[in-house]
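Trainee: Sequence:
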Amino acid sequence: MLRRGWADSLPDFMKLWTQFFIPTLKESPADAEIASHKLLVRAGLVRKLGGGLYTYIPLGLRVIHKLTQICREEIDAAGGIELWMPHVHPVELWQQGPRWAAAREIMFRADSAGDGKRGPKDPEWVLGPTHEEVITPLVKAEITSYRDLPKNFYQIATKFRNEIRPRYGLMRAREFIMMDAYSFDANDDGAIKSYLAMKAAYESFFRRIGAHAIAVEADTGVMGGSFSHEFMVPAEVGDDDVIYNEESGYAANREKATSGLVPADLKDAPPAGAVEEFPTPGVVTIAALEAAPYSVPADQQFKTLVYVGDGKPFIVILRGCDELEEAKLGALGFSLFRSATLEEIEPVLGAKPGSLGAVKGTIKNAAALGGVFADEAIRLIGNGTTGANRDGFHARNVNVVRDLAITKFGDFRRVRPGEPDIKSGKPLQVRRGIEVGHIFKLGTKYSEKFGATYTDDQKQTNLMVMGCYGIGISRTMQAVIEQSHDTDGIVWPWNCAPFHVLICVLDPQLPEAMDLARKLAAAAEKAGADVLVDDRAERPGVKFKDADLIGIPLRLTIGGKGLKEGIFELKWRNQKDVAKVPLAEAEARLATEVARGAATALR
RNA sequence: CGGGGUGUAGCUUAGCCUGGUAGAGCGCCUGGUUUGGGACCAGGAGGUCGCAGGUUCGAAUCCUGUCGCCCCGACCA
1 MLRRGWADSL PDFMKLWTQF FIPTLKESPA DAEIASHKLL VRAGLVRKLG
51 GGLYTYIPLG LRVIHKLTQI CREEIDAAGG IELWMPHVHP VELWQQGPRW
101 AAAREIMFRA DSAGDGKRGP KDPEWVLGPT HEEVITPLVK AEITSYRDLP
151 KNFYQIATKF RNEIRPRYGL MRAREFIMMD AYSFDANDDG AIKSYLAMKA
201 AYESFFRRIG AHAIAVEADT GVMGGSFSHE FMVPAEVGDD DVIYNEESGY
251 AANREKATSG LVPADLKDAP PAGAVEEFPT PGVVTIAALE AAPYSVPADQ
301 QFKTLVYVGD GKPFIVILRG CDELEEAKLG ALGFSLFRSA TLEEIEPVLG
351 AKPGSLGAVK GTIKNAAALG GVFADEAIRL IGNGTTGANR DGFHARNVNV
401 VRDLAITKFG DFRRVRPGEP DIKSGKPLQV RRGIEVGHIF KLGTKYSEKF
451 GATYTDDQKQ TNLMVMGCYG IGISRTMQAV IEQSHDTDGI VWPWNCAPFH
501 VLICVLDPQL PEAMDLARKL AAAAEKAGAD VLVDDRAERP GVKFKDADLI
551 GIPLRLTIGG KGLKEGIFEL KWRNQKDVAK VPLAEAEARL ATEVARGAAT
601 ALR
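Numbering (the numbering used here), first residue to last: 1 to 603.
By construction, these hints were calculated from the structure, which means they are not laboratory data.
Fair warning: there could be bad hints in the mix.
Claimed, not checked - Taking lysine to any residue and the SDA-like style, the derived pairs with C-alpha atoms no more than 25 Å apart in a straight line are:
id: 1; residue 1: K15; residue 2: L463
id: 2; residue 1: K449; residue 2: P137
id: 3; residue 1: K449; residue 2: R147
id: 4; residue 1: K312; residue 2: V372
id: 5; residue 1: K199; residue 2: R165
id: 6; residue 1: K364; residue 2: N383
id: 7; residue 1: K364; residue 2: E276
id: 8; residue 1: K199; residue 2: I81
id: 9; residue 1: K140; residue 2: E217
id: 10; residue 1: K48; residue 2: R165
id: 11; residue 1: K580; residue 2: A598
id: 12; residue 1: K564; residue 2: L16
id: 13; residue 1: K564; residue 2: R518
id: 14; residue 1: K545; residue 2: A584
id: 15; residue 1: K312; residue 2: A327
id: 16; residue 1: K364; residue 2: V283
id: 17; residue 1: K545; residue 2: T487
id: 18; residue 1: K26; residue 2: N574
id: 19; residue 1: K408; residue 2: E217
id: 20; residue 1: K140; residue 2: L196
id: 21; residue 1: K140; residue 2: D456
id: 22; residue 1: K526; residue 2: K449
id: 23; residue 1: K564; residue 2: A601
id: 24; residue 1: K571; residue 2: E585
id: 25; residue 1: K48; residue 2: S28
id: 26; residue 1: K526; residue 2: A588
id: 27; residue 1: K38; residue 2: L61
id: 28; residue 1: K38; residue 2: K48
id: 29; residue 1: K199; residue 2: D240
id: 30; residue 1: K38; residue 2: G311
My request is simple: use the sequences and hints to build the entire structure.
Mentor: Set out below in structure tokens:
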């Protein structure tokens, strides 16, 4: 049974191309770089208003409606309750929330425009980039008893983010369509259940729309929270690196990925001798210290980086051969952090970058530090070389346990492909992906800030445990195109295609041709398909090219010759062969083919 | 915000270096011939060359500023 919940917004009969609006282009727009972006425009799905701002013209809107409806069905099935929140938010809500400092950087203000009547003043309204700050106060006000939990509210609506750099059409836009859901549970177990229910709903959503999306472990970023998965569509043009191992099933965003590089049972090396300073004039890079006459391998060097977290400098120590994965610093709990400037480093460490170290007693103003955080992998060094906090000097025989004043060990390095998987020991691989969905177990971060509590059956007041969930609907549309196209155009999966069936009428001026088109359309519709009829007075070549470009899964062709022979042609967009179908068999055949199309979506 | 690029008709663009008439293809309009994979012929409409200053007898072209857009970096669905 084909679901047609959106039928109230679309008339339940075939559309004529000439009475619709599908402006296709032969040439790609100059500002489109990647295939899916070019096809979005060429196939008449979107038009650009400005950077990261797009109009969904009718064909594109139909795809959005289909994705929206399938998403709605799956989230409903998982227990979601749909609502609709304002897009304009009082800024005070955000100021009260836990992430104003970080979030404000991507938020649009919604003041009076230009010389509007209020004139320039501090922002009072902002456009919503996401809605934790709106839903949490609502739930706080409305839900006070354990009897009313759990609840999972969602909406499918526009989001506004002032991305510093919009990119690739809908891929990273300033205004985009997102399904955002927020779960509220009485306790952690419940929150995990809600989380897993949503994870399952996401999996069915992406399966139903015909997108190959994989769930990978992810960083929690500015959202905060305890754990999180991203749904990634593998694609070269994606913004993210996924580290994975096929056999073990491990998959994580590179920002979050760990490896089994450091054995769990690694013994710390005993000191090899006294710490010894030695002159290294002009040596300010790992590479220079690797070279003669010093010849210290990078994996025997300590790399000392200085960051500033919430106004206070802190140190991160890595192996010389490793790169910092900056996102992992998020685990340290600072609400805002950045790398330190030269001016900030010298007064605290006593030297310039290139000669920095964290050996006890060499730090000029250790009291000013917010901590010394070391990557686990430095334990592999045991005894190594680091900067002496004296310009032009390094120190050797530095022992990790004896000599470094480490506040806390952690995982801060960027994993490289080829390292052993933490589960199986097999080498990790890397591939690019487009993030189309993200789920977070938030914990009580927002409920604490907004006082979202409930009373349990012991009359105790408890914080609600939250989760939040997003699917980039508009981005998903583009990701599907990126994943499913060929040199001729889009190859829509059945369930997100703007129409299921395209009837190409090669001689629309012949009344019998249009009569047959109506008959076939009726039969296809009866079978549950959406039908578009190309009744344009164009040459066949133009129609076929456009048909391939807009990528409707099933194409029926009515031509003058076939009309005489009493047949029409049937061709799938993703297959080469053309079937000639006698008119007498039309209804039965279409029922079969439409059912087949609908079934591909559920594979 | 840093780096690189770019802005000429609805779209794709030539011309810019070396200043002097803005040109093509697609699309659009009219007429005709065509009609199974982006037809052809004839005619036609459509451009403040992003914007503002400057240099010059003269600026699409050179200079300055500014704005938009695209790509690379940090960020995100």
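Trainee: Run every hint past the structure and note whether it holds.
Mentor: Results of checking the hints against the structure:
1. Among the hinted pairs, K15 with L463 is inconsistent with the structure: their alpha-carbon atoms are about 52 Å apart, more than 25 Å.
2. Pair hint K449 plus P137 holds up; C-alpha atoms about 10 Å apart against a cutoff of 25 Å.
3. Distance restraint check for K449 and R147: the Cα-Cα separation of roughly 23 Å lies within the 25 Å cut-off, and the hinted pair is therefore satisfied.
4. A hinted pair counts as satisfied when its Cα atoms are at most 25 Å apart, and K312 with V372 qualifies at roughly 12 Å.
5. For the proposed pair K199 and R165, the alpha carbon gap of about 30 Å is over 25 Å, so the pair is violated.
6. With a C-alpha separation of about 23 Å, the suggested pair K364 and N383 falls inside the 25 Å cut-off, and the hint holds.
7. Taken as a hint, the K364 and E276 pair is honoured in the structure, with Cα atoms around 18 Å apart against an allowance of 25 Å.
8. A C-alpha spacing of about 16 Å is found between K199 and I81, which places the hinted pair at or below 25 Å, so the restraint holds.
9. Proximity of K140 to E217 is assessed by CA-CA distance (about 30 Å); at most 25 Å being required, the pair is judged violated.
10. At most 25 Å may separate the alpha-carbon atoms for a hinted pair to count; K48 and R165 meet this at roughly 15 Å.
11. The straight-line distance between the Cα atoms of K580 and A598 is roughly 21 Å, inside the 25 Å bound, and the hint therefore holds.
12. Restraint check for K564 and L16: the C-alpha separation of about 23 Å stays at or below 25 Å, so the hint holds.
13. Of the supplied pair hints, the one linking K564 and R518 holds, its CA atoms being roughly 17 Å apart against a limit of 25 Å.
14. With a CA separation close to 29 Å, the supplied pair K545 and A584 exceeds the 25 Å bound.
15. Taking the CA atoms of K312 and A327, the gap is near 18 Å; set against the 25 Å cutoff, the hint holds.
16. At most 25 Å may separate the alpha-carbon atoms for a hinted pair to count; K364 and V283 meet this at roughly 20 Å.
17. Taking the CA atoms of K545 and T487, the gap is near 11 Å; set against the 25 Å cutoff, the hint holds.
18. Straight-line distance between C-alpha atoms of K26 and N574 comes to about 21 Å, which keeps the hinted pair within the 25 Å bound.
19. The hinted pair formed by K408 and E217 meets the criterion: a straight-line CA distance of about 23 Å does not exceed 25 Å.
20. Using a Cα cut-off of 25 Å, the hinted pair K140 and L196 holds, with the two alpha carbons roughly 24 Å apart.
21. Distance restraint check for K140 and D456: the Cα-Cα separation of roughly 15 Å lies within the 25 Å cut-off, and the hinted pair is therefore satisfied.
22. Proximity of K526 to K449 is assessed by CA-CA distance (about 54 Å); at most 25 Å being required, the pair is judged violated.
23. At most 25 Å may separate the alpha-carbon atoms for a hinted pair to count; K564 and A601 exceed this at roughly 35 Å.
24. Distance check on the hinted pair: K571 and E585 sit about 16 Å apart at the alpha-carbon level, within 25 Å; holds.
25. With a C-alpha separation of about 13 Å, the suggested pairing of K48 with S28 holds against the 25 Å cut-off.
26. Restraint check for K526 and A588: the C-alpha separation of about 11 Å stays at or below 25 Å, so the hint holds.
27. Distance check on the hinted pair: K38 and L61 sit about 17 Å apart at the alpha-carbon level, within 25 Å; holds.
28. The suggested pairing of K38 with K48 holds, with an alpha-carbon distance near 12 Å, which does not exceed 25 Å.
29. About 20 Å separates the Cα atoms of K199 and D240, which keeps this hinted pair within 25 Å; it holds.
30. The straight-line distance between the Cα atoms of K38 and G311 is roughly 44 Å, outside the 25 Å bound, and the hint therefore fails.
Hints 1, 5, 9, 14, 22, 23, 30, counting from the list given before, are not met by this structure.
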